[in-house]
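My request is simple: use the sequences and hints to build the entire structure.
There are 2 protein chains.
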Amino acid sequence: MSSPQREACKQFLRKGKTMPAKMQPEYRTHFTPAVSWEDLKKDPSGLVPCIVQDAENGDVLMMAWMDRAAFEETAENGVMCYYSRSRKERWLKGETSGHFQYVKELYADCDSDTLLAKVEQSGAACHTGARSCFFRKVLTR
Amino acid sequence: MSSPQREACKQFLRKGKTMPAKMQPEYRTHFTPAVSWEDLKKDPSGLVPCIVQDAENGDVLMMAWMDRAAFEETAENGVMCYYSRSRKERWLKGETSGHFQYVKELYADCDSDTLLAKVEQSGAACHTGARSCFFRKVLTR
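Just so you know, the protein sequences line up as chains F and S, in that order.
In terms of this note's numbering, the first sequence opens at residue 4 and continues consecutively.
In terms of this note's numbering, the second sequence opens at residue 4 and continues consecutively.
Note that these hints are calculated values from the structure, not bench results.
If a hint is listed, it holds; no wrong ones were tucked in.
Which copy is meant is left open, because identical chains are indistinguishable; a pair holds if it fits in one copy or across any two.
Subject to a maximum C-alpha distance of 25 Å in a straight line, what follows is the list of computed DSS-like cross-link-like pairs (lysine-lysine):
id, residue 1, residue 2
1, Lys107, Lys121
2, Lys107, Lys44
3, Lys44, Lys91
4, Lys25, Lys140
5, Lys91, Lys45
6, Lys121, Lys140
Put into structure tokens, the structure is as follows:
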């Protein structure tokens with residue numbers, strides 16, 4: 004387990020929460036990226052958007068952004084890690100909520116500027132407690 | 004049908020292609036936005052990303068960007084319209100390919116900075132001819 008990941012586990016346990024078994028080193032999944040960070044087209048801030056989809060039922064859960072470190076940590080551990088644009092820092096999804104996202108598959112689109120992750124979502128993806136962040140209907144017939 | 008939409012139809016027909024029946028005025032679907040353009044958080048370029056999902060099988064097809072005009076045209080006609088960041092112009096999806104996207108539902112996420120459209124996709128969403136733009140696997144177990 005990489006050292007920021009290990010630190011996250013420690014912080015999580017320090018808060019008196021139970022770390023899911025899947026976050027333990029023996030469960031971690033190493034991925035070998037077939038497309039490297041260099042191959043991706045970044046936005047002006049050096050980030051790439053990542054759509055997150057429930058691997059089981061196909062629901063789109065959220066969209067978040069990755070920098071190089073987040074991309075590499077995700078590949079290293081098989082657990083979704085992002086870059087928080089609002090907090091301007093590394094964001095291991097689930098670190099505070101326990102709602103980790105275990106990577107099943109990760110795709111890039113045809114022009115390499117967007118990622119799609121199919122994940123096993125533990126609990127809710129949304130900070131409001133909703134399973135998906137997309138619960139506000141904009142257009143109705 | 005709004006005048007840019009009408010113009011798109013004319014251009015399409017001029018190229019000797021058959022305009023799908025669903026693009027005819029009598030088929031158009033007016034939507035009443037429950038969330039207005041003003042309610043959405045824009046990126047530094049004044050755009051909002053829109054994830055596009057196949058309403059039938061849940062596949063994520065593509066991601067594109069909307070400006071105010073694209074958002075309003077989409078609501079007006081029930082056919083997905085975007086802003087092309089590379090061409091820096093209005094992009095009625097399907098205008099050249101015939102692969103229009105008919106809106107079934109449109110959602111905003113919890114922090115109003117991302118849209119999710121569930122569409123009836125005519126033909127392929129990807130310019131390569133693939134049904135979905137996400138066909139390049141990045142991470143494999």
